[in-house]
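Just need the whole structure built from these sequences, with the hints factored in.
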Amino acid sequence: MPCASSSLFRCPVFDGAADPTVIHRRGTAEWWMFYTARRATLTTGGVDWITGTRIGIAVSTDAGASWQYRGVVEGLDPEVAPSLNTHWAPEVVWHDGSYHMFLTWGAGAPGTWAEQTERRLVHFTSTDLEHWEFEARVDVGSENVIDAAFAVVADGRPDCGSRTRWTVPPRGRRSGKNRPSGKKRAAAAAAPPSDAPDARLRVATGMPRGR
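Residue numbers (numbering that gives the first Met the number 0): 0 to 210.
Just so you know, the hints here were simulated from the structure itself, not pulled from any lab data.
The beta carbon of each residue, even a glycine, is placed where N, CA and C say it ideally should be.
Warning: the hint list may mix true and false statements.
[To be verified] Computed Cβ-Cβ distance ranges for the label pairs, DEER-style:
1. 142 <-> 17: 18 to 24 Å
2. 12 <-> 74: 14 to 20 Å
3. 60 <-> 112: 35 to 41 Å
4. 17 <-> 80: 18 to 24 Å
5. 125 <-> 40: 25 to 31 Å
Set out below in structure tokens:
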């Protein structure tokens, strides 16, 4: 595979763009990229170049040939934690008439992993990709979660995620996740249909398997 002639996009603030997800803004010619804005130029010696990150935005109007920085997503922090916090690995999809964003939120911007004791997977919605409203925390059986992935699955069909295999409820909506350190595992938190309120969670450990 040949290398690209130049970088598709480099974050102009900290030059640490990671975990991109791209979505078309309906009704326009715009493609929006959301990414983890890692603070790669920090030289403190700790992990705070990975924590304390915002969700950056870049927009393309030429089908991805070039990208323009549009700042960061606002409104992702709870009112009780308005200071600098950690935002990781956004997943943005269009579903049921709205844009949905899933990401990992962590309290503060600590310099060591041991200092960050509060972390969770959260869900936001938007009608325009600019203004986001908090919907809920996503319960996947642990708060130590990263790298959300979202899919709509068929009735009762076992699905294969990016790391391992799990089962979802009929017509469920699934959000998967990974963990930042330690033994990896995959899990699914499924939103049940109206006639099946008992959303189930299956967790698998060990080596991931692809399709």
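Checklist line | Pairwise beta carbon distance, residue 142 to residue 17, judged against the given window 18 to 24 Å | finding: With Cβ atoms ~21 Å apart, the hint holds.
Check: residue 12 and residue 74, beta-carbon distance inside 14 to 20 Å?
Finding: About 19 Å separates the Cβ atoms of residue 12 and residue 74, which means 14 to 20 Å holds.
Margin query: Just to be sure I understand the hint, the distance between the Cβ atoms of residue 17 and residue 80 should be within 18 to 24 Å; is that true here?
Written below: Since the Cβ atoms of residue 17 and residue 80 sit about 23 Å apart, the hinted range of 18 to 24 Å holds.
Next item on the list: With 25 to 31 Å as the target window, see if residue 125 and residue 40 comply at their CB atoms.
Entry: At roughly 30 Å between Cβ atoms, residue 40 and residue 125 fall inside 25 to 31 Å, so the hint holds.
Notebook entry, point to check: residue 60 and residue 112, beta-carbon distance inside 35 to 41 Å?
Noted result: 39 Å, holds
Taken one by one, the earlier hints all hold for this structure without exception.
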